[in-house]
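**Student:** I would like the entire structure built from these sequences, with the hints used as guidance.
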Amino acid sequence: MTFRAVMVISLCVSVGLAGIFESGATDVFLEATRPDFQKIPLGVAGIQNIGGSDSLEGQIKLGGRIEEVLKADVRRSLVFSLVDLPSIGIKISNLGTGPDPVFKQAAEHGVSVIVWGKAGIKNGDKDPDVNMDGYVYDAGSDEVVGGKRYVGSTSVVRLMAHRFADELVFRYTGEPGIARTKIAYVSEQGSARELFVMDYDGYEPRQLTADGFLNLMPRWSPDRRFLVFTAYRNRNTQDIDMIELATGKRWTLVSLGGLNITPALSPDGNFMAFASSYEGNSELYRLDTRTKALQRLTVNASGDLSPSWSPSGRELAFTSDRSGGPQIFLMSGDGSNVRRLTFEEDYNAAPAWSPRGNWIAYVCRTPKKDYKLCLITPDGQKRVQLTAGPGVDDSPSWSPDGRHIVFSSTADGKSQLYMINADGKDLERITFTGTHNSAPTWSPAS
Amino acid sequence: MKKLQSTICLLLILGVVALGMSGCSKKAVQSGGDTQSSQQGMAKESDGAIRGGASPSFPDTSISGQDASSGLRGLDKSPSEERVGNGGNTLMAKADPGSAGRQMEEIRAEQSASTAAGLRDVFFAYDSFSISEEGRQALSRNAAWVKSNPSAQLKIEGHCDERGTSAYNLVLGEKRAKAARNYLVELGVAANRLSVVSYGKERPFCKEHAEACYAQNRRGHVVVKAGK
Numbered sequence: 001m002t003f004r005a006v007m008v009i010s011l012c013v014s015v016g017l018a019g020i021f022e023s024g025a026t027d028v029f030l031e032a033t034r035p036d037f038q039k040i041p042l043g044v045a046g047i048q049n050i051g052g053s054d055s056l057e058g059q060i061k062l063g064g065r066i067e068e069v070l071k072a073d074v075r076r077s078l079v080f081s082l083v084d085l086p087s088i089g090i091k092i093s094n095l096g097t098g099p100d101p102v103f104k105q106a107a108e109h110g111v112s113v114i115v116w117g118k119a120g121i122k123n124g125d126k127d128p129d130v131n132m133d134g135y136v137y138d139a140g141s142d143e144v145v146g147g148k149r150y151v152g153s154t155s156v157v158r159l160m161a162h163r164f165a166d167e168l169v170f171r172y173t174g175e176p177g178i179a180r181t182k183i184a185y186v187s188e189q190g191s192a193r194e195l196f197v198m199d200y201d202g203y204e205p206r207q208l209t210a211d212g213f214l215n216l217m218p219r220w221s222p223d224r225r226f227l228v229f230t231a232y233r234n235r236n237t238q239d240i241d242m243i244e245l246a247t248g249k250r251w252t253l254v255s256l257g258g259l260n261i262t263p264a265l266s267p268d269g270n271f272m273a274f275a276s277s278y279e280g281n282s283e284l285y286r287l288d289t290r291t292k293a294l295q296r297l298t299v300n301a302s303g304d305l306s307p308s309w310s311p312s313g314r315e316l317a318f319t320s321d322r323s324g325g326p327q328i329f330l331m332s333g334d335g336s337n338v339r340r341l342t343f344e345e346d347y348n349a350a351p352a353w354s355p356r357g358n359w360i361a362y363v364c365r366t367p368k369k370d371y372k373l374c375l376i377t378p379d380g381q382k383r384v385q386l387t388a389g390p391g392v393d394d395s396p397s398w399s400p401d402g403r404h405i406v407f408s409s410t411a412d413g414k415s416q417l418y419m420i421n422a423d424g425k426d427l428e429r430i431t432f433t434g435t436h437n438s439a440p441t442w443s444p445a446s
Numbered sequence: 001m002k003k004l005q006s007t008i009c010l011l012l013i014l015g016v017v018a019l020g021m022s023g024c025s026k027k028a029v030q031s032g033g034d035t036q037s038s039q040q041g042m043a044k045e046s047d048g049a050i051r052g053g054a055s056p057s058f059p060d061t062s063i064s065g066q067d068a069s070s071g072l073r074g075l076d077k078s079p080s081e082e083r084v085g086n087g088g089n090t091l092m093a094k095a096d097p098g099s100a101g102r103q104m105e106e107i108r109a110e111q112s113a114s115t116a117a118g119l120r121d122v123f124f125a126y127d128s129f130s131i132s133e134e135g136r137q138a139l140s141r142n143a144a145w146v147k148s149n150p151s152a153q154l155k156i157e158g159h160c161d162e163r164g165t166s167a168y169n170l171v172l173g174e175k176r177a178k179a180a181r182n183y184l185v186e187l188g189v190a191a192n193r194l195s196v197v198s199y200g201k202e203r204p205f206c207k208e209h210a211e212a213c214y215a216q217n218r219r220g221h222v223v224v225k226a227g228k
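Just so you know, the sequences run in chain order S and C.
Quick note: the first sequence uses our numbering, first residue 1, plus one each step.
Quick note: the second sequence uses our numbering, first residue 1, plus one each step.
For the record, the hints were derived by calculation from the structure and aren't laboratory data.
Every value quoted in this text rests on a predicted model; they were computed, and no experiment measured them.
One or more hints might be untrue.
In silico lysine-lysine, BS3-like type, Cα no more than 30 angstroms apart, as pairs [claimed, not checked]:
| no. | chain 1 | residue 1 | chain 2 | residue 2 |
| --- | --- | --- | --- | --- |
| 1 | S | Lys39 | C | Lys77 |
| 2 | S | Lys71 | S | Lys249 |
| 3 | S | Lys91 | S | Lys126 |
| 4 | S | Lys122 | C | Lys147 |
| 5 | S | Lys126 | S | Lys39 |
| 6 | C | Lys77 | S | Lys369 |
| 7 | S | Lys182 | C | Lys207 |
| 8 | S | Lys91 | C | Lys207 |
| 9 | S | Lys126 | S | Lys104 |
| 10 | C | Lys207 | S | Lys61 |
| 11 | S | Lys61 | S | Lys126 |
| 12 | S | Lys414 | C | Lys207 |
| 13 | S | Lys122 | S | Lys104 |
| 14 | S | Lys369 | S | Lys414 |
| 15 | S | Lys368 | S | Lys182 |
| 16 | C | Lys207 | S | Lys71 |
| 17 | S | Lys368 | C | Lys207 |
| 18 | C | Lys77 | S | Lys104 |
**Tutor:** So, in structure tokens, the structure goes:
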């Protein structure tokens with residue numbers, strides 16, 4: 001990866017513009033990660049293997065595997081800073097269920113939380129259960145504040161680590177964490193493009209559609225049980241379909257004719273906004289998911305597309321080329337109070353409103369004609385270029401905690417998926433196989 | 001420089017004011033051309049909205065409607081055993097070999113019919129959907145063929161290069177396909193013999209990251225339509 005995050009703050013142009021049409025509704029929530037937010041130093045003392053002497057290959061590696069997943073989750077939480085205990089001279093050889101004498105020593109080095117655990121596979125069974133126990137020591141109260149005991153099949157080992165990581169985030173922030181979230185995306189299979197879902201860290205991909213043609217731009221339902229997406233029913237007709245993840249059951253929601261793209265469910269699930277060209281050119285519509293009433297939101301001879309709901313569900317950001325090249329606009333959920341948000345350069349598209357409300361991520365074309373990610377505040381006051389370097393970046397989608405963005409990029413040649421922190425740090429590639437992975441969309445938290 | 005900038009700012013403000021106003025009064029606006037009033041959009045309610053779909057059923061997807069079992073339970077000083085399920089992780093898509101096979105067959109049929117007819121594609125400049133002189137010549141040739149083959153239907157597929165967003169390229173691809181269709185209509189081809197579809201940047205002809213390849217992909221691909 002050659003691209004490095006840059007921060008380019010632009011002044012001028014849009015100052016105060018959006019404010020003129022502000023309806024008074026605020027969509028900015030308090031941030032847990034304020035600039036002065038101090039990460040909590042956390043050390044993972046180890047996940048020990050337990051079990052009989054007839055160790056299976058998997059059993060030997062089990063604790064290490066869980067520890068590796070847990071550490072990665074802790075690091076990505078951005079709530080904790082991961083402390084390497086051996087590097088500060090803390091060595092723990094035999095962990096029990098109570099606090100080890102060296103924990104106090106670690107606390108003196110500034111470590112606030114120490115977690116450890118044990119894991120084992122029940123031998124003998126054809127379909128053995130895995131057990132994992134995890135414990136949490138808090139330096140502030142100098143005690144083991146609690147633990148978890150998990151059991152499940154060998155296929156859920158990573159999930160146990162993810163659950164434990166989310167419990168840690170929940171304990172220290174009251175937020176659910178993102179370690180159990182999923183990312184839906186589109187993957188090229190031969191000449192077709194099919195929907196897939198994977199864990200947020202790129203593991204456990206599974207294929208959802210296999211119709212041999214095009215399935216594009218999925219979006220999650222608020223309850224994470226469904227995806228809505230554009231499906232080419234045949235090579236000539238495009239619909240918006242819904243699929244239930246647990247069953248694979250799939251049906252058509254919108255079949256109007258023309259181009260039907262970029263569906264997005266409102267945070268309360270009451271509306272689905274989408275773009276359709278069935279009345280001529282691409283316009284935005286809002287479908288009431290209960291009454292099935294269809295309301296047209298935009299009326300002009302240009303292309304309107306890519307609606308993204310504000311976290312309150314009161315407003316929409318969208319792409320429109322009514323002023324020439326595509327730009328980001330905002331409007332109320334009923335189509336009123338339209339105002340232009342972006343003014344830099346002549347190509348800005350694919351807006352994604354942060355679940356915290358404070359930023360809108362989008363694809364911006366730079367003066368060098370590169371397609372990169374930018375962030376802008378909904379009042380247009382502040383703009384930041386988040387990625388730089390070669391390749392086409394596309395389809396930004398926020399993690400539910402508002403701290404990360406997943407996107408596709410051709411920076412390494414083929415289109416693959418990456419995540420980056422909202423402050424431009426920790427760029428991480430998360431897909432490594434396949435000829436073309438695109439259109440990632442991050443699930444809500446559970 | 002500063003003065004120029006503030007002039008631009010002022011112009012943009014005026015532009016936004018105009019946009020805001022047109023947004024407010026949109027219900028009274030008839031856009032003309034090939035857009036229609038929002039009233040007609042509303043009329044879709046009565047025929048089950050979202051017409052033609054197999055089932056217009058829309059489940060409750062609100063968070064209150066979800067099953068709470070996946071939630072966190074907090075740390076416990078003497079934790080009881082929690083079974084971790086895989087949440088339907090076993091689901092794998094079943095390919096529909098019938099559908100995939102049918103698609104392949106139709107694509108082959110379209111391609112060979114189009115080659116036999118000598119149909120020509122239209123190529124576009126970066127960011128553009130306007131038809132060049134070369135494009136007009138290609139379309140004239142296609143128009144002559146379709147006029148002398150009165151039972152044939154033509155389909156124009158709009159394609160884009162990999163630059164830009166997936167979503168906007170679908171809109172741009174549709175604009176390209178419609179520009180080609182409109183020119184064929186100008187040449188006297190009946191509109192009901194022409195259909196358009198946009199593939200954006202999702203079905204590229206060429207996959208290299210170079211202008212020679214991009215130029216191949218910015219295309220209105222004209223084919224003899226087969227199947228539905």
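**Student:** Does the alpha-carbon distance linking Lys122/S and Lys147/C stay inside the 30 angstroms limit?
**Tutor:** violated, 75 angstroms
**Student:** Need the status of pair Lys414/S, Lys207/C: alpha-carbon distance at most 30 angstroms?
**Tutor:** holds, 9 angstroms
**Student:** Given the hint that Lys91/S pairs with Lys126/S, test it: the Cα-Cα distance must not exceed 30 angstroms.
**Tutor:** violated, 37 angstroms
**Student:** Tell me if the straight-line CA distance from Lys39/S to Lys77/C falls inside 30 angstroms.
**Tutor:** holds, 25 angstroms
**Student:** Mind checking the alpha carbons of Lys77/C and Lys369/S for me, to see if they're no more than 30 angstroms apart?
**Tutor:** violated, 57 angstroms
**Student:** What's the verdict on Lys61/S and Lys126/S, does the C-alpha distance respect the 30 angstroms limit or exceed it?
**Tutor:** Holds - the C-alpha atoms of Lys126/S and Lys61/S are around 19 angstroms apart, at most 30 angstroms.
**Student:** Taken at face value, is the distance from the CA of Lys104/S to the CA of Lys122/S at most 30 angstroms?
**Tutor:** violated, 34 angstroms
**Student:** For the pair supplied as a hint, Lys207/C and Lys61/S, confirm whether the alpha-carbon distance does not exceed 30 angstroms.
**Tutor:** Violated - the C-alpha atoms of Lys61/S and Lys207/C are around 41 angstroms apart, more than 30 angstroms.
**Student:** For the pair we were handed, Lys126/S and Lys104/S, check the Cα-Cα distance against 30 angstroms.
**Tutor:** Not satisfied, since the Cα-Cα distance of roughly 43 angstroms exceeds 30 angstroms.
**Student:** Does Lys368/S pair with Lys207/C here, judged by a C-alpha cut-off of 30 angstroms?
**Tutor:** The hint holds at about 22 angstroms.
**Student:** If you draw a straight line from the CA of Lys77/C to the CA of Lys104/S, is it 30 angstroms or shorter?
**Tutor:** holds, 20 angstroms
**Student:** So if I understand the rule, the pair passes when the alpha-carbon distance is 30 angstroms or less; does Lys207/C with Lys71/S pass?
**Tutor:** Not satisfied, since the Cα-Cα distance of roughly 38 angstroms exceeds 30 angstroms.
Going down the numbered hints, you'll see the structure goes against 2, 3, 4, 5, 6, 8, 9, 10, 13, 15 and 16, while the others check out.
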